[in-house]
Amino acid sequence: MKVRQATPVTSELADISTLARFDGEVICEPPNNKLDKFGGTLYWKENKFPLSNQNMLLRGCVLRNTEWCFGLVVFAGPDTKLMQNSGRTKFKRTSIDRLMNTLVLWIFGFLVCMGVILAIGNAIWEHEVGVCFQIYLPWDEGVHSAVFSGFLSFWSYIIILNTVVPISLYVSVEVIRLGHSYFINWDKKMYCAKRRTPAEARTTTLNEELGQVEYIFSDKTGTLTQNIMVFSKCSVNGHSYGDVQDVLGHNVELGERPEPVDFSFNPLADPGFQFWDPSLLEAVQLGDPHVHEFFRLLSLCHTVMSEEKSEGELYYKAQSPDEGALVTAARNFGFVFRSRTPKTITVHELGRAITYQLLAILDFNNIRKRMSVIVRSPEGKIRLYCKGADTILLERLHPSNQDLTNVTTDHLNEYAGEGLRTLVLACKDLEESYYEDWAERLRRASGAPEAREDRLARLYDEVERDMTLLGATAIEDKLQQGVPETIAILTLANIKIWVLTGDKQAPGSPCAETAVNIGYSCKMLTDDMTEVFVVTGHTVLEVREELRKAREKMMDGSRSMGNGFSYQEKLSSSKLTSVLEAIAGEYALVINGHSLAHALEADMEVEFLETACACKAVICCRVTPLQKAQVVELVKKYKKAVTLAIGDGANDVSMIKTAHIGVGISGQEGIQAVLASDYSFSQFKFLQRLLLVHGRWSYLRMCKFLCYFFYKNFAFTMVHFWFGFFCGFSAQTVYDQYFITLYNIVYTSLPVLAMGVFDQDVPEQRSMEYPKLYEPGQLNLLFNKREFFICIAQGIYTSVLMFFIPYGVFADATRDDGAQLADYQSFAVTVATSLVIVVSVQIGLDTGFWTAINHFFIWGSLAAYFAILFAMHSDGLFQMFPNQFRFVGNAQNTLAQPTVWLTIALTTVVCIMPVVAFRFLKLDLKPELSDTVRYTQLVRKKQKPQHRCARRGGCGGGSRRSGYAFSHQEGFGELIMSGKNMRLSSLALSGFTARPGAAWIETLRRKKGGESSPDTAAKG
Amino acid sequence: MKNKKSSAPQEAETRPSRCPDNSAFKQQKLPAWKPQLTAASVLSTFFLTGAFCLSVGVSLIVAAKSVREIQVDYSDKCSHCSKLRENSSNWNSECLCSINITLAEDMLGDVFMYYGLQNFYQNHRRYALSRSDEQLLGRNVDVQNSYCAPFATYQNGTPMAPCGAIANSMFNDTIDLFYNFNSSVIQVPLLKTGNSWWTDKNVKFRNPESHNLSAAFAGTARPPYWHKAVYLLDEEDEKNNGYINDDFIIWMRVSAFATFRNLYRRISRKGQFTDGLPAGNYTFHISYNFPVSKFKGKKYVILSTMVWSGGSNPFLGIAYLGASQWIVQLVFILRSQW
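Top to bottom, those sequences are chains V and E. Terminal number for the first sequence in my numbering: 1052, no gaps in between. Terminal number for the second sequence in my numbering: 1479, no gaps in between.
What the hints contain is simulated information worked out from the structure, not anything from laboratory work. Note that this is a predicted model, so its numbers are computed, not measured. From the three backbone atoms N, C-alpha and C, an ideal C-beta is built for every residue, glycine too. There's no promise every hint is true.
Stated by the list, open to error - Straight line, CA to CA, 30 angstroms or less: simulated BS3-like cross-link-like pairs of lysine-lysine: (1) K226/V to K1437/E; (2) K954/V to K1439/E; (3) K1333/E to K1437/E; (4) K1206/E to K1369/E; (5) K1437/E to K220/V; (6) K1333/E to K221/V; (7) K1175/E to K817/V; (8) K1333/E to K958/V; (9) K1170/E to K954/V; (10) K401/V to K226/V.
Unchecked claim - Some chain E residues flagged as far from chain V (calculated, every beta-carbon gap over 12 angstroms): (11) D1217; (12) D1251; (13) I1391.
To be verified - DEER-style ranges, computed between Cβ atoms: (14) D1247/E to H887/V: 51 to 59 angstroms; (15) K672/V to A1165/E: 33 to 41 angstroms; (16) P1176/E to A825/V: 23 to 31 angstroms; (17) R1280/E to V203/V: 45 to 53 angstroms; (18) K1333/E to A825/V: 44 to 52 angstroms; (19) I1327/E to P930/V: 55 to 63 angstroms; (20) Q1466/E to W138/V: 35 to 43 angstroms; (21) K1175/E to F180/V: 54 to 62 angstroms; (22) P930/V to R1280/E: 41 to 49 angstroms.
Construct the complete structure from the given sequences, taking the supplied hints into account.
Listed below in structure tokens is the structure:
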């Protein structure tokens, strides 16, 4: 949520009649895509009023906490920031699709080559032989030369051999993909019961690419995290609360936890709040003064507004979820923030209503990284309560606190290690006289015309000193379910995950810290990482320097660790990329939005990419939607890897559209990302199933399917080519015309479709247990040009045997009853039958998962072949269409011959045996991981899953990392103290809080001022 | 309260529609057989296949070896006739040719006489297409619309019966076999029927219906290369005349390759030839009508006995032996790797 406010001058125009008289003029910046910046000036009544991003509502925002507002449209249509950020929509194809197109073109070229060879053969034959044979077979009318005959024969052969170009391939591929999409839609394990949304494959064309993903670009809020802050742990007076008894800590599933703490004693408790450590409540109830003071601070030092619709039903309107979580925690532990006025705060402390006088709010900002309140208790004591970043606050404590500080610091380390967002709490008693003096100075400073900020900062600084440490809080930025596990597994599957967090964090938040925190909590960053580089440079030179330093460090590290090995490699391969890929040690890169803008410039993008790709984890924060798309585009452009973008909000749309595969999280954030996505589901954790199970299978099936498909078409068609050399290149087909028609449609299509839809090499659980099984897809091992040529070679080999074995047998052979055996029709039936049997046996070998459907299709295809064969060769059909069914009686006469069956058997054996031997040798000598897994499955040797258990036991020494993160924003304190909002609305904040990109719906209301506004843009 | 009650079942109704069914099919959990190439199964398969190939190969070779076959190239031996036929203006002049052969051994069992043609492209697409099966079925068809051209009709419009290049080029030599026994010459009795497939003779080829055959073919003319009309192919045997003449049927079953042999006659096993052809001297008397030298072809006459696997072609047996050899090698390779 973000705070947006009208400029003071226009906020007065609350009714329509005054609004109608508004005749201001806005001059502003030209349309751009920067979501966090706006510069403009309002000219009204001969006055200039500055307009900033604070006064803007962007297209796609949804108003929260505000019933209505009037606005002036500054940009419309394609000029809006949202539209400026939307990338081009491109038609997505999979790499296999592209490869397939290339291959089909090659095959087409091959077809033309064959046509040319046979046409030349025909010309020569007609010239040498056909010319003499004219007494029995005169040339067709109009054919006067052998060359022309060759030309005609070329086209005849193009027609006959066109089956080598797999036209039905495209249809079959689509059918298979459709099947896979349905499996995704049907998957119960990707169904979120809570939101009642099943996974949805919104496109059916990208499935197999899910098995090849190398880079995942993930949004953070809403995707990795739930955008819910939960008060998870705290440290009070050197005692840490919040640990759950029976477990190591963080990744305990909800079900395994003991009962949460019972807050029923407190009528004002928020029922949604859960805490697992009863000792903290005991401490409150025992009256531990430290704990009381701790929660008192939490209930006083904040900028939350409360709303009490009916007695006891409190609603907090927090500007940041962090604050909401803290105040709610205090509320449940008996320190209920009840209401506030500009000058007072009413708190129910363990049932007693106490009203504190609010003397000052020392507001939060990014530099101070802390906020304080100064209150006067009913007893008259003046106290300063302060909460803030540990790095800042620990330096401002009174030296006497040293012991406690050390203990608390340990706790903070622990919390930070778990990825919790920490705040340190401290307080200080103020002397009445000192306060009076200070307040007087403050009054003067705030009235000062210039350098007001500086003077205020100095005053704040002065009072926030020598404080007493109360403790620390740890807030959990609630991850979506199963996020760390998913990321761990995906990382093991060699998928690189880049987190691109958008602008959704409140603009004041120190984004790098939040992102780093999330990185730790979802196991992207670990303490055993050699180094985490943070790039925050504001200029090109700074960024370049930082990137260069990072690279140098990585290089040094690898050199010292690899004993110069990689150095040698550098000499040999001179390519920087390869050096960086050979880096030893784990690094991570965190880069800020403004630095990223420089890093993405044309001359630096390669440098940036190399650095980033050498790191195990990359986190980009505060990036604009367009930058997200640019990062994806960059990786796509240079890495030739399959990218997947996952996000939930409107700001992820361009990234989702740009990546090879876009995944939308369907959930609270609206449907915009889902609409742009190719796949959608409601939990990030389903991604592992989508990729490792569905994607892997899809890729595997598609590859097996393609290999077989090309094989069977070549085996089928090339026979004509060989026959051409024996029939005067006359374009005579080997098979009956009906066989040619039905071969691809009836005899061989269904078994391979069944394999393409149902095949499984290893059970789904195994692909989760062995994420390495995913690698063949990334390396594109199962179907590439090499595999294609192997398939083609196998097809040609089969066709050679398919032709020459029957040829050898039939030449000069006779039937057992003395009649001629080698008639054309018998030959055709023999070759066709052996072909159908060979390709059926081959599909049987290829099918690794024989479901009933596979059985039905494979046996059914064979049965259908023989049934159709006998039907086609039956008397009845011949009587009806004698010129069409000329093979009458052939099946029964030919297939009654033992020689024919022996020929078929021999053909099958010599076509299949080498394949079996080759597969077995490969399995034996160079087994793939999937083979091994399959084998162990067979032997029932239960292996321990390779799961990496949580690696971090404790803090791995090294320098202390601050877990501080606080998505808070400056300016609220002032607002509260001024009491302005309370005058306007006792319930809600006057500035409308807005969330960008929640829905596509035009939520902006165009009122009177709206119509004239697009013109004003032109003036800017 | 009422409202709540009514909304609850509605919710229950909508819930299953969103949640995927838990069926084995949809969850991809169908029971399945997962075959695996294991050493035991692969090696035993190879072993069994090898054994099968070996035994089949041996028995095929033994069988092929027992076949007695004699083949005579009579286009070469009767070169005077070949020369004569080269000039098509001599088509009407008869040319007779005798060829002596000697059987060193008896040819026991059924003996078959074939004519063989070399370099005759019966499998040429245009040739193989040039026929009208409907006409051969005795139906009244307009051959002009068939693939028979240019052997469909004469210039005056008379259709050819049978039409097409295949029929026109029908083999029309007559071959008689004489046994020179103790200076007497005995004609070997030959069977000219029963040589074709039953389906061809009874289904695929039918004469047109009429009270007699010549009337049935009235209004048609013989193909240009024929010496006599189709209803005169066998004047002695009504059931072997017209389209259902065995020689014609066999010719019409076109060969798959340019070199082929067609069954011409069977030796009738009676008299001296009850057991087959005894060893001795024989003479073929050939009426040489079919020109082959024009297209550099050759003609053969072949005598052969028959076994279960057909004639003397040893290819299949050798191929099986080769395959078994190869499989044994593969097994050794696999064993050495294993």
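Worksheet entry | Non-conforming hints, listed in increasing numerical order | 1, 2, 4, 5, 6, 8, 10, 12, 13, 17, 19 and 22
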